[in-house]
Structures are given as structure tokens and as C-alpha cells.
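Asks: Make the full structure from the sequences, and use the hints.
Note that the protein sequences, when read in sequence, are chains A and B.
Count along the first sequence from 1, then add 618; that gives the number in this note's numbering.
Count along the second sequence from 1, then add 618; that gives the number in this note's numbering.
When chains are identical, the list treats them as one kind, so a pair holds in a single copy or across two.
Within a straight-line C-alpha distance of at most 27 angstroms, the following computed DSS-like cross-link-like pairs (lysine-lysine) qualify: (1) Lys645 with Lys801; (2) Lys801 with Lys690; (3) Lys690 with Lys645.
If you're looking for bench data, these hints aren't it; they were derived computationally from the structure.
Listed here are the chains, written in short residue letters.
2 protein chains.
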Amino acid sequence: MHIAILTLDGFNELDSLIALGLLNRVKRPGWRVSLTCPTPQVTSMNGVTLQAQATLAEAADADAVLVGSGIKTRDYAADADFLTGLHLDPARQLIGAQCSGTLLLARLGLLDGVPACTDLITKPWVEEAGVRIVEQPLYARGNLATAGGCMASVYLAAWTIARLADLDAAAAALHYVAPVGEKGGYVEHALAVIEPYL
Amino acid sequence: MHIAILTLDGFNELDSLIALGLLNRVKRPGWRVSLTCPTPQVTSMNGVTLQAQATLAEAADADAVLVGSGIKTRDYAADADFLTGLHLDPARQLIGAQCSGTLLLARLGLLDGVPACTDLITKPWVEEAGVRIVEQPLYARGNLATAGGCMASVYLAAWTIARLADLDAAAAALHYVAPVGEKGGYVEHALAVIEPYL
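Replies: Structure representation (C-alpha cells):
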């Protein structure tokens with residue numbers, strides 16, 4: 619099971635790395651989570667340079683692709699070669715997007731008729747692409763999920779774990795990362811956010 | 619104002635990068651946040667390799683040092699040369715630690731008589747070092763703060779912003795990262811966690 623976290627130049631560290639941290643709490647044979655980048659290295663919106671763990675070609679074959687956000691997403695969304703090279707297919711993959719990542723799904727035509735979540739800055743651009751934005755942290759229909767607000771990446775990751783492993787694995791990952799002294803309520807709230815979409 | 623996020627080999631991505639993301643929401647002249655590492659590159663507990671943004675020598679001169687956690691902290695805590703090279707000083711710096719980072723502060727003798735927070739796995743090791751652990755997400759006394767549970771890194775970062783900038787800047791950073799549809803309650807809760815320690 620390969621989960622590719624699409625991480626582009628100018629990426630938001632929270633969106634890609636929170637998803638990576640939670641998804642890696644699943645300890646099952648063959649479970650693989652990778653920062654998937656267009657180049658061998660990418661640099662974040664705050665100057666953090668990290669090495670790719672997988673190529674875009676590998677994303678096309680992944681079981682799930684989570685599209686992170688960043689400050690250059692509008693440039694990527696305007697790049698036809700980049701978009702056609704992605705080969706995302708919700709018929710055979712789980713596809714998730716976080717904040718401005720939703721703009722890429724919109725431009726790929728994956729959100730036609732599907733409401734979506736995004737951040738407050740990206741919202742007008744996604745609406746301009748013809749997608750209806752809902753004011754909530756997570757929305758999913760079938761194999762497509764979107765999340766809005768950096769910390770909603772916790773919900774997107776938990777939804778992905780629940781879909782690809784099971785709800786107990788999602789609850790265990792949430793419990794591990796939750797603040798000490800708040801774990802019970804934290805897990806309960808996050809599960810309440812994702813359960814309508816399972 | 620330089621905030622050094624101590625990020626060691628085997629680091630937990632959530633602890634270092636959540637702090638970095640929030641702290642970089644502060645847009646003030648001279649405000650600098652850096653992943654501060656013992657080597658030019660470090661690799662996380664899940665195989666993410668990133669480039670250092672500052673050296674350990676720079677941490678000694680930073681206005682604040684946040685010690686992240688990781689799977690090799692016990693090795694670092696047993697390395698006398700590493701510990702003596704840190705030169706952390708709560709008399710002139712804010713010092714924070716996240717999860718197993720608390721073990722390093724304990725070994726440095728900075729928590730003598732000061733209760734602390736950490737994660738469930740690190741707890742017995744910190745207690746063995748003579749520190750009393752409190753079951754809550756954040757505790758601070760004076761310039762020393764500790765946090766337990768990966769997502770409590772949000773609180774540690776917000777406390778740091780409130781101390782080095784102001785409470786409004788902390789609230790603004792929390793509001794930005796909060797999930798869409800949950801921003802009001804999210805900010806209110808996080809501020810309630812940090813305000814007793816300001």
C-alpha cells in the first residue's frame with residue numbers, strides 16, 4: 619500500500635509533514651508513505667529543503683495520493699504539462715487534497731459536481747474554477763476528499779488510514795499524536811469529523 | 619529575534635515542523651526561525667532527509683531554542699560531548715522542549731525542581747532523571763516550557779510567539795493554521811492552554 623504525499627516547490631510544511639507523521643503510525647507490511655516531488659529536492663514556503671522519497675511517476679501507481687498545498691500552487695495549476703503528467707484517477711486511487719491542493723484537483727476536473735474544502739486564501743480561485751466550497755474542515759465523496767486549514771491535515775490523514783487500513787488504526791494514530799491530557803477528547807472529535815465520510 | 623528548533627537525527631517530523639510552520643506566521647523584521655541541526659543534513663524517524671538551516675553553535679546565541687523529539691534522543695542524552703556543546707541558558711534564552719526533547723533538558727540539569735511534560739514513552743526516562751512529570755499538554759515556569767504529545771507542539775509554538783512577540787500574534791498564527799469551520803474554538807482552546815504560563 620503506497621500513499622504518495624504530493625509535495626511541490628513552495629510547499630506548506632504542515633500539510634505534507636503532518637499527513638506523513640500520522641500515516642507512518644500504521645505499521646503494516648507493505649505500508650509505504652512517501653513525500654512525492656517533481657524534483658529530487660523541494661524547498662518549502664519557509665525555506666526548508668527536503669529530499670523527495672518518490673517521483674511523480676510513482677504517484678500515478680500509488681494507492682492513494684494526497685496533494686499538499688503551498689505558495690506556488692497557482693503556478694503549478696496553470697502548467698498544463700505538469701497537470702497532464704499527474705495521471706490521478708479516483709476510480710482506482712484515493713485522492714485527497716489539502717488547502718491549495720484543492721485547486722489542482724479542480725483544474726484536473728476531478729471536482730466537477732463535488733463540493734470541496736480549501737483554505738480561505740485559495741477559496742476564490744477554486745470557486746473561479748467552478749467548484750462549490752463548503753465551510754468545514756473535511757469533505758469527501760467516494761474516493762475524493764478535500765480538507766481546509768493546515769491542521770485539518772490530521773483529519774485528511776485519519777480518513778486515509780480509515781479507508782486503507784481501518785478505523786481502529788486511524789484512532790490509534792490520532793491517539794499517539796494527540797496532546798497529553800487531551801487524548802480522549804481529541805480522538806473522539808477527529809473521528810466524529812471523518813466518520814460521516816467512511 | 620532568532621528561534622532555533624533543535625532537530626536531531628531520527629527526529630519526529632511533527633514536533634519540529636509544526637513549530638516551524640506556526641512560528642513563521644510571525645512577520646516582523648528580524649524574526650528568524652531555523653531548523654538547527656548537528657550536521658548539514660538530518661534524517662527523520664520516517665526517512666525524511668532535510669537540510670539544516672542553522673548550526674548548533676547558532677543555537678547558543680538564539681533568543682529561543684525549542685528542542686524537538688525523535689527516536690535517537692536517548693543516544694544524544696547519553697552523549698556528554700553533545701550535551702556540553704549545547705550551551706543552553708534559560709537566564710538569557712527561552713528554552714522549550716517537546717516530548718523526548720524534555721529528556722535532554724533533564725540531563726542538562728535545567729529541570730531541577732521544575733515539573734515537566736513529555737510523551738508517554740519518554741516519561742519513565744525523564745522520571746529516572748529525577749524530574750516530576752505532569753499529565754498535561756504544556757507546562758512552563760519562567761523561561762522554561764515543556765510539552766507532551768506531538769500536537770502539543772502547537773501550544774509550545776504559540777507560547778513562544780506570545781513570549782517573544784505578543785498574544786495577538788500567537789492568536790493570529792493559531793487562527794491561520796486552524797481547521798476551516800473550527801477556527802474560533804481552536805484558537806480559544808489553545809490560548810486557554812498557554813495563558814496560565816504567560
